[in-house]
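Visitor: Each chain is listed here by its residues.
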Amino acid sequence: MKTRTFPSLSVGEKLPTVSIPITRTLIVAGAVASRDYQDVHHDSDLAKERGSKDIFMNILTTNGLVGRYVTDWTGPGGFLSRVDIRLGVPNYPDDTMVFTGEVIALRDDEVDPARGVVDVSIAGANTMGNHVVGTVSLTLPKQEV
Amino acid sequence: MTQDHSHSLAELVGQSTGPPWVGLDPVNEPMIRHWVEAMGDANPIYVDAGAALEVGLESVIAPPTMLQAWSMVGLTGTLERDSQRGQVKEIEHPNDRMMRLLDEEGFTSVVATNCEQEYLRPLKPGERIAVSSVIETISDVKKTGLGVGRFSTTRSDFYVVDDSFPEDPEGRTNAITSAEHVGTMRFRILKFAPGAQAPTMPPRPRPAITQDNEYFYEGLKAGKLLIQHCTECGTLRHPSLPGCGACGSLEWDTVESAGAGEIYSFVVVHYPQVPSFEYPLPIGLIALDEGTRIVANLDLDVDSIAIGMRVQARIDKLDDELSLPIFISAAS
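Chains A and B supply the protein sequences, listed in that same order. Going by our numbering, the first residue of the first sequence is number -8, and it counts up by one from there. Going by our numbering, the first residue of the second sequence is number 3, and it counts up by one from there.
Here chain B stands alone, though its shape is the one from the complex:
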């Protein structure tokens, strides 16, 4: 991080991102047609008034997922915003300020991570849409798969307004409170410094590969999570051993695990720190659905980890010689 703006960012939480904004065009059939053509959406209620009437609507409606599209700034607005990036504006709204502060922290890239939209009623052609947004959360600095950065959630409320909706920012802020609320969106982004942690990290320590466990690492390289299986009594075992703990047989083969299981136990390592890992470092003992347990790293937010949590293996290629399983939430 080049600068730490934690304090200034915390002050922005709860603030409106700027005065309410009115979409450039009212809900209209040409934009709806462009949308349904692009999406390949053949639902007739978006384009055919007769079909809309048949299902109990008064007219064609906009695809509900177009909600945000009615509030976009368009090409001119995008070019204008891009050209002003990094400059301190005369009037800097909280959202501009947040983005500038995050840029200054070195988190210049952005990716959307979550979008939750609620549609309170369908929107009809001719309706003008206004949107009012609030910065709901800005996270601490997090290490993510993309790089170090901060998450931010913005909540936007969408309203239908008529021609009497004022032009001036203050008038809009007052008038929006009595407008008809038609939808809500929570949008979470990650502002990050791409690959910031990657170059300095030395490679992972190498496992000691023997005749007994070679299948495991070779399997991972081929993208498979293989588990030792006693051909005599059928018991699965991990980590690898020459003989079966249940029947003593030395005969074995392997089965491919689907990688699904639950957290049987876990630890979060804070110290001592080895430079090839990121800390805090969660390590899980996973009870695989096939019926044996395996120790592996967890790609999970440390606060979210719980015994019994459903997880799924992902096989990460760390370099040409080493691939390892890492467990992520089964919900993802």
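One chain only, chain A, in its complex shape:
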């Protein structure tokens, strides 16, 4: 798998749009893989009792999907250094979340001169609005690896 190099990027570059089907399986598997056993992420009856429409995605899964969206674009040599997100509407089952992103800044890596830091603004929207908006920072090599 190829990795994007830092000099190949420019501010304003759009990331490819990626659609993630929000299945019940994704919500439950994500909650369990992140060891989050709050009932609202796996038990529909209890989620409804607590005033929610259905089970909904936990924040750790959202973080995981945001990270995946950005590193799928950079390739395996892109190392995440920061994920800063704000949550909006919940991700309920049987919806689709559409990720969009854009390069907003390119900076020097203070730790490793062979790499540069990329800031990407991202949004993940479902049919009710933005589930997540935020900024992801990651480092990329300046030369092909």
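No lab work stands behind these hints: they were computed from the structure. Where hints are given, some of them may not hold.
No more than 27 Å apart at the CA atoms, straight line, and that leaves these computed lysine-lysine pairs for BS3-like [stated by the list, open to error]:
hint, chain 1, residue 1, chain 2, residue 2
1, B, 319, B, 226
2, A, 44, B, 223
3, A, 133, B, 126
4, B, 144, A, 44
5, A, 39, B, 144
6, A, 39, B, 319
7, A, -7, A, 133
8, B, 223, B, 319
9, A, 5, A, -7
10, B, 145, A, 44
11, B, 226, A, 44
12, B, 126, A, -7
13, B, 319, A, 44
14, B, 223, B, 145
15, B, 319, B, 126
16, B, 319, B, 144
17, A, 133, A, 5
18, B, 126, A, 39
Starting from the known structure of chain A, arrange chain B on it as the hints suggest.
Guide: Leaving out everything else, chain B in the frame of chain A:
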């Protein structure tokens, strides 16, 4: 609010949520595999040592976004915590105390609103993760879209510790200061009373609908923000008028606005208070990108509003007869 714990809550700000906690399992490949399968993440550096070497890593690494997962209490811990909810514990740590006080204020529901994670270096299988957290902020009581409640931000610092890390709380508190700091997380939650303000509020006052402005309200009901457009000279106008202010023509149609614009001016109404609104009530004059202005409510924190701020319309269905545009931050 059933009780007001403002004073007690203020005392908790800046306090550690409890002694440092060590994750139940060290960073390990089975948990990494479960994670990448759940996320559908095909990045090979999390599972394939060869691929990790190729990009300059020493071994496979954990997905950085798993940071918090290494510190979760697991199913047993969750069940134990749920069963003790609402009780005063023998040893009540500041975080338990904060949650209990907020529950007592009637803010029994919780939702995460923000999460900011910083990864100082990748984590490798075999590393034991300890976490130490501090209550950074607890807000005043706020009215939100979900209900009345308070926001709280907790900052957690993650460390890699070895087998010599002590078991006792005091030993841990001392030892953590010399451990290797590998990550940070700020987690903001809203503790709220669901729908607390909804039932008592009477419906909004009705607009006077005429032949000239009916398109506007019908458009909103269909989820569209329509603006009057002079078919003679092309000038947009709002609010609705029978004739064009620029050329005098009585011929017009409508264009759909994308709802994007900036705050041209605004006021925050404190008094007089009408029971169908929440106060303080911010009202904006929005310069739409299409080139006309519109007056609408703002769903913005009053302190954050500034002239020139980019905003985006959201159309709220208030009831079956009335939908209205309300402007939110374009950043959200």
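Visitor: Are the Cα atoms of residue 144 (chain B) and residue 44 (chain A) separated by 27 Å or less?
Guide: 24 Å, holds
Visitor: Quick one, are residue 126 (chain B) and residue 39 (chain A) close enough, alpha carbons at most 27 Å?
Guide: Outside the cut-off at roughly 39 Å; violated.
Visitor: Given the hinted pair residue 226 (chain B) and residue 44 (chain A), is their alpha-carbon gap at most 27 Å?
Guide: 26 Å, holds
Visitor: Decide if the proposed pair is consistent with the structure: residue 133 (chain A) and residue 5 (chain A), CA atoms, cutoff 27 Å inclusive.
Guide: The given pair, whose Cα atoms are some 20 Å apart, holds under the 27 Å limit.
Visitor: Can you confirm whether the C-alpha distance between residue 133 (chain A) and residue 126 (chain B) stays at or below 27 Å?
Guide: The hint holds at about 24 Å.
Visitor: Decide if the proposed pair is consistent with the structure: residue 39 (chain A) and residue 144 (chain B), CA atoms, cutoff 27 Å inclusive.
Guide: The hint holds at about 25 Å.
Visitor: Run the distance test for residue 39 (chain A) versus residue 319 (chain B): straight-line Cα separation, threshold 27 Å.
Guide: 23 Å, holds
Visitor: Can the restraint linking residue 5 (chain A) and residue -7 (chain A) be considered satisfied, given a maximum Cα separation of 27 Å?
Guide: 18 Å, holds
Visitor: For the pair we were handed, residue 126 (chain B) and residue -7 (chain A), check the Cα-Cα distance against 27 Å.
Guide: The hint holds at about 23 Å.
Visitor: Between residue 145 (chain B) and residue 44 (chain A), is the straight-line Cα distance small enough, at 27 Å or below?
Guide: 21 Å, holds
Visitor: Is the straight-line distance between the alpha-carbon of residue 319 (chain B) and that of residue 226 (chain B) 27 Å or less?
Guide: 12 Å, holds
Visitor: Within a Cα-Cα threshold of 27 Å, do residue 44 (chain A) and residue 223 (chain B) meet the stated pairing?
Guide: Holds: residue 44 (chain A) and residue 223 (chain B) sit about 23 Å apart, inside 27 Å.
In this structure, the hints that do not hold are numbers 15 and 18, in rising order.
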